[in-house]
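Please arrange chain B on chain A, whose structure you already have, making use of the hints.
Protein sequences appear in the order of chains A and B. Just so we're aligned, residue 1 is where the first sequence starts under the numbering used here, counting upward by one. Just so we're aligned, residue 396 is where the second sequence starts under the numbering used here, counting upward by one.
Hints were generated in silico from the structure; no laboratory data involved. It cannot be assumed that every hint is accurate.
What the hints assert, rightly or not - Incomplete in silico selection of chain B near chain A, CB under 10 Å: (1) Ile452; (2) Met459; (3) Val463; (4) Gly485; (5) Val487; (6) Ala492; (7) Phe494; (8) Gln596; (9) Gly597; (10) Ile652; (11) Val660.
Claimed, not checked - Calculated Cβ distances over 12 Å to all of chain B for the following chain A residues: (12) Thr7; (13) Glu136; (14) Glu146; (15) Val167; (16) Ala227.
To be verified - Distance windows between CB atoms, simulated: (17) Gly559/B / Ala132/A: 33 to 41 Å; (18) Ala524/B / Tyr337/A: 52 to 60 Å; (19) Asp230/A / Gly544/B: 41 to 49 Å; (20) Gln223/A / Leu523/B: 51 to 59 Å; (21) Tyr337/A / Val513/B: 39 to 47 Å; (22) Val752/B / Glu136/A: 48 to 56 Å; (23) Ala132/A / Ala524/B: 52 to 60 Å; (24) Phe398/B / Thr115/A: 35 to 43 Å; (25) Leu401/B / Ser117/A: 54 to 62 Å; (26) Glu136/A / Leu721/B: 49 to 57 Å; (27) Ser626/B / Ala132/A: 36 to 44 Å; (28) Asn210/A / Ser626/B: 20 to 28 Å.
Even for Gly, the Cβ is constructed at its ideal location relative to N, Cα and C.
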Amino acid sequence: MNFISQTLAVTLLNLRTIPQRLGSSGVAIVGIAGVVIVLVSVLSIARGFGAAMEQSGSDVRALVMRSGADSEMTSGLGPAEVDIIKQAPGLQRQGQTTVASAELYVIIDIPKIGTNSPANVPVRGVEPTATAVRSEFSITEGRMFEFGTTEVVVGRGASVNFQGLTVGSTIVSGQNRWPVVGVFETGGSIAETEIWIDTRTLQGAYRRGNSFQTVLAKLDSSQTFDAFRDWLIANPQVNVQVRREAEYYEQQSRALTSLIEGIGFGIAALMGVGAVFGAILTMYTAVSTRSREIATLRALGFNTTSVVVSVLAESLSLAAIGGAIGGLLAYAAFNGYQTSTMNFSTFSQVAFAFQVTPELLGMGVSYALIMGLLGGLFPALRAARLPIPSALREL
Amino acid sequence: MKFMPLLWSSLWRKKIRTIFTLLSVFVAFLLFGLLMTIRGAFSFGVDIAGLDRLVLIHKVALIMPLPVSYKERLAATEGVAIASHQTWFGGVYQNPANFFAQMVVEPEPFMKIYPEFVIPDDQVKAWLADRQGAIVGVDLAKRFGWKVGDRIPITGTIWQPKQGQTWEFNVVGMYDGAAGVDKTQFFFRYDYLDENRADGQGLVGWYVVKISDPSQAQQMGARFDAMFANSSAETKTTTEKGFVEGFAKQVGDIGAIMIAILVAVLFTMLLVAANTMAQSVRERTSEMGVLKTLGFSNASILALVLGESVLIAVLGGSLGLGVSWLIVQQGDPTNGMLPIFILPNRDVVIGGVMIVVLGLVAGALPAVNAMNLKITDALRRS
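In isolation and in its complexed conformation, chain B is listed as follows:
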């Protein structure tokens, strides 16, 4: 640590060069933070998808409805903790650009299956008491400025009410959740939909089943599918995680694209930083000679050069990561297409490791060269 002032002053030996090196590292890690966020956003919350939750969809396609009667048979199966259905409503609020997910659910089982959605107790009561009640995510409420008690009209696209085209909902509560939970959804009650839709009574979108033993997921899935085989609505069961993964894969391998870009960025920055370090050490050849004459060991010369390079990387890199974190705090810039827009902690840690690695690798060659320098050569070179 006592060499810190020496490190610091050699860092600022050429101000402009150091500043631009810092800036390039800064930009590289700013990009790192943003690209990791985009990558996470396009995985649609697969990290928090429950392994103990199975999703049953119609075997032919997700859009084909299933009969509501399956619920009893699922609930009666051994190993099932709770079974409930959901339906995609797909309505339009004011105009189609205001896209967000509206889900038709059964409140009580729904809240048991998804403990990650946190709803205050009085709001839960209000929801159970109000047929037209809806629970909205806090991010969604913020987006449209909704408050508890607001009345929200939504135009049906798939399901038409018996009269007119508009469904009316009361916002009775809001749910919150940990980072990584999608807080942009709109949940309302199945009994309201079913009693008031013009057609399609008794049809639901898919089933979500919570099982008691997650290690049995595969076998349970196979058992469900066998139960409904050869019926008019055969099912296909996957874990919720598998279901979300499948959805993300349909969009395309955004993750791979982001990683490829990151590799290009970091590789370039590594070249830039290494080149600058090499140049900086070359200019100080005679200084290194003097240090060695003064009795600095080879190891401490190595440490000095590496320390300088790591210091630049850490200064620029942590600033870049920090700024990307600040930007991500502003939330999803696409108006609802990417509901889970956060910089995961895991990626912050990975970023920190990358910063140090970048510093070490960039400084390695110049440091070794400086270490192996012979005093006589070094002093003669000026």
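Pulled out of the complex, with its shape left as it was, chain A reads as follows:
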């Protein structure tokens, strides 16, 4: 009991005197807050990008591409192949036809808002079944385009990030004139960066004859994927690869997500080391300016453990304050921040929003506490080992 009350007394004394050491405590807090801001904000980029890609894929949809193609962009399917794919077993049916959409996937040069520089915005040519295949599709503004015309609808992300993609405007590119008649959303997925148009119109505009690039098909259920794939692979009339849509997008995002995470963790780790040094310096300063006080306490009979605990408590609370400030600043500045980047596997743009999740905030604060613990440990031990007579003599 005595021990606990001793520790408590010294710790409270320590914490109450922090304001007297505002300068050096401020340095520790700012240092740790800086690290947490960088860690949280860089990881929120990876989180946001990953989320956009993840939501894009579904397990009950299968993507059929030409074998050898590494993305929708490089795939190509003839009309005969498309007919066969649409008749494969394992697909959901609506009346006489299966729920499958033969699509084209190309890019178009449109300036990015903000930088004013050209960006490769993806354009998807779709069939009327496309919205049945993607049940999450909904129009949020305007209306769906009429098939057989040159009208287009644009995704919410595309509309926000690129110039002239609002209802009522017209996309002019080369000899194409495409009026925008609606804005759609698909639950935050990557399709929201796309412009959708009748696949027949796009075939003409991009000189693709009667060919397509991919077929996106809705499976009867997640389990019928194998039957669907095996039937197509075994069919000598088609030369295709079949993947679950979720798998496809996961693979597309892997390189970029791990690059961002690698850079983020690397920078934060190095900065963390720097901040630990900063915290150590701060706590050393705190201990050495008070070495006389500490020696007095120990001369009065306070035990060394309570001194160690009090120093650690001080550094941990500074770290906690720094971590909280850093996390909140990162949240305020970056959560929901809209941006777009390039998906390296198709060279097309992906719009996404930074996501500062509670998990990331927790990670930031725990990281701050670890830094505080490491930063306080050595000075605490030093305070405890201080020889009483010489410390009392020190100025």
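Below, chain B without anything else, positioned relative to chain A:
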């Protein structure tokens, strides 16, 4: 200089504190070096992009092909030194994770347009003689352990051969270049592609035109675009520099993010260093008084404190920059996504200046305080 021993001994007055200050400055400049490298890597070589080279792409999008026939018309235009086309092949070597750029080019004009790619003469001859020949960057060759004479199979994703899916190439040579040149590309001959592809004959990716007078770039670009206006394949011409910049901007403003992080890092380190210096000077108040009593002028006290702080910054900072340089020498850690992974000389110089500035700013306040100290106050304070 005669005060160096005094500086040195006051530096080590409190060993632990000095070591940790050195370490924080070290980490700050280690980060400086690495972040500048990342920033440079994401600008994809814009610094060396030629101003006398124009890039013509299809107006609608980069992926739309242009007819090979444009070459004659471009070459016949006044002010054009040389015109040639290139095509993105986008094939896969063994597995998609082995990404690198494969470009289809016309060897002779290609080598004239890009003097920065250095190829030994005998290898140039071998390339001109071998249709399936390919010239690879030295960094790329190192990555996969290729040697001249190796046969490389690459699976086509965009262009399929008439038979099967695999294209075969002979490595006939390697190109090298100055720092900052992308040495991870794979160049092979257009005639090989065009004769053997299943479809798309006569189509090329884009044109690169070298003009005689770089100051005419804008006008030349406008003239080219006018030449092909209202055709089935309209063009959009930019300088190569503009083209690379545009590409980098599509990835996002990585440069701004890196600078923002650096500002946070350096600001924090400045606070840490300044705080430590202030503390160290405060502890030595009476010593300063003694020095002044001995006849040290105000200016020399100022210089002593500033010198100490700059010394710490220089020791820690140059070590940090040096280590970052060593790390960067190991090359691109991402397997081909960032081909130009170097620490530019310009940034090393900037780093050196920052080190000195950091030292001066961190020491400024304590130094001025020490200078203004009255001897009587200083001596009384102990």
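Query raised in the report: Of the numbered hints stated previously, which ones are contradicted by the structure, given in increasing order?
Result: 3, 8, 9 and 24
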